[in-house]
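As numbered in my numbering, the sequence shown has no gaps in its residue numbers, which increase by one up to the final residue, 308.
Quick caveat, the hints were computed from the structure, so don't treat them as lab data. Among the hints, erroneous ones may be present.
[Said to hold, decoys possible] Within a straight-line C-alpha distance of at most 25 Å, the following computed SDA-like cross-link-like pairs (lysine to any residue) qualify: (1) K119 / C70; (2) K230 / F255; (3) K119 / L205; (4) K119 / I106; (5) K265 / S223.
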Amino acid sequence: MDDRISKLPDDILICILSRLTIEEAARASILSYRWRYLWRFFTGCLDFVDPYKIRRLAILSDPYYKCEDNYFIRAKRRNFINLVDPIIGLLQTKSLQQLRICYPVNSDYDVDSWVQFAVDKRVQRLELDFSESKTEGHELHSFSPYFKTTSSFSSLVSLRLIDVDIAEEVLHYLLCYCPLLEVLTLKGAEKLIRIRVSGPSLKLKYLELRDLPNLSNLEINAPNLISFEFCAGELTVNFKHVPSLVEMSIEGDYCTYFVYTLHQFSSFLPQLRTLKLNLMVVS
26 MDDRISKLPD
36 DILICILSRL
46 TIEEAARASI
56 LSYRWRYLWR
66 FFTGCLDFVD
76 PYKIRRLAIL
86 SDPYYKCEDN
96 YFIRAKRRNF
106 INLVDPIIGL
116 LQTKSLQQLR
126 ICYPVNSDYD
136 VDSWVQFAVD
146 KRVQRLELDF
156 SESKTEGHEL
166 HSFSPYFKTT
176 SSFSSLVSLR
186 LIDVDIAEEV
196 LHYLLCYCPL
206 LEVLTLKGAE
216 KLIRIRVSGP
226 SLKLKYLELR
236 DLPNLSNLEI
246 NAPNLISFEF
256 CAGELTVNFK
266 HVPSLVEMSI
276 EGDYCTYFVY
286 TLHQFSSFLP
296 QLRTLKLNLM
306 VVS
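Using the sequences and the accompanying hints, generate a full structural model.
Structure (structure tokens):
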């Protein structure tokens, strides 16, 4: 039987592979010699997500569970590193739609190299979710990419950092030099004290800020912002310019403050279509 698919140009075959998962794309390399190395130019969604919730499984299997002493956990972590690092090292693509890593990490992981990989490959959507790590007593990893030029992250559309630290100056850089950034989620970062959501050509549409324990001041100057989700304690929030805001959700102690000072937000409250307030009632 004539293999007509293999006779297609490389660009088309790579496009086909990029619609698969990275595992499926890599398996396609056994089809023929023609396909052998094409997966290395994969441009789709690169997802490394722990599907088994290994920490919870370990707790259930061992009532005296301690993460670092548990052989099951150590073995899974080695397997994870042995999966991620080689794939990242072999990919030769110049761009990537998505990099998503959701896994509890510790000092054994070269997180900086993963972030730099995202910068170098001009990733469009980046998600780092290390939410189990903090529970296990590890320090938060800092999101501190090295930007070769101001256009290094120019393709970034969505950034989600969960239990990943980020410095104010790095966040400021991203807001200023990521002209396509539309979605930003920050959860659990401890370094942030002041946040100024503003930029000369900011396109940000969806903003989610949660559990930032040291945050004391927030200013939002975002003409394209549509949705804002916020969970925090009492702090100063200045909605400087939010003409497009139509959805807002507020939780935590700040929610009570917001309710008692509604008159301060009269500039944008009438334009809201959806306002969710998660109030805690203490009897």
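Hint by hint, here is what the structure shows:
Using a Cα cut-off of 25 Å, the hinted pair K119 and C70 holds, with the two alpha carbons roughly 14 Å apart. A hinted pair counts as satisfied when its Cα atoms are at most 25 Å apart, and K230 with F255 qualifies at roughly 14 Å. Proximity of K119 to L205 is assessed by CA-CA distance (about 18 Å); at most 25 Å being required, the pair is judged to hold. Taking the CA atoms of K119 and I106, the gap is about 23 Å. The hint holds against a cut of 25 Å.
With a CA separation close to 10 Å, the supplied pair K265 and S223 stays within the 25 Å bound.
Of the hints listed earlier, there is not a single one the structure fails to meet.
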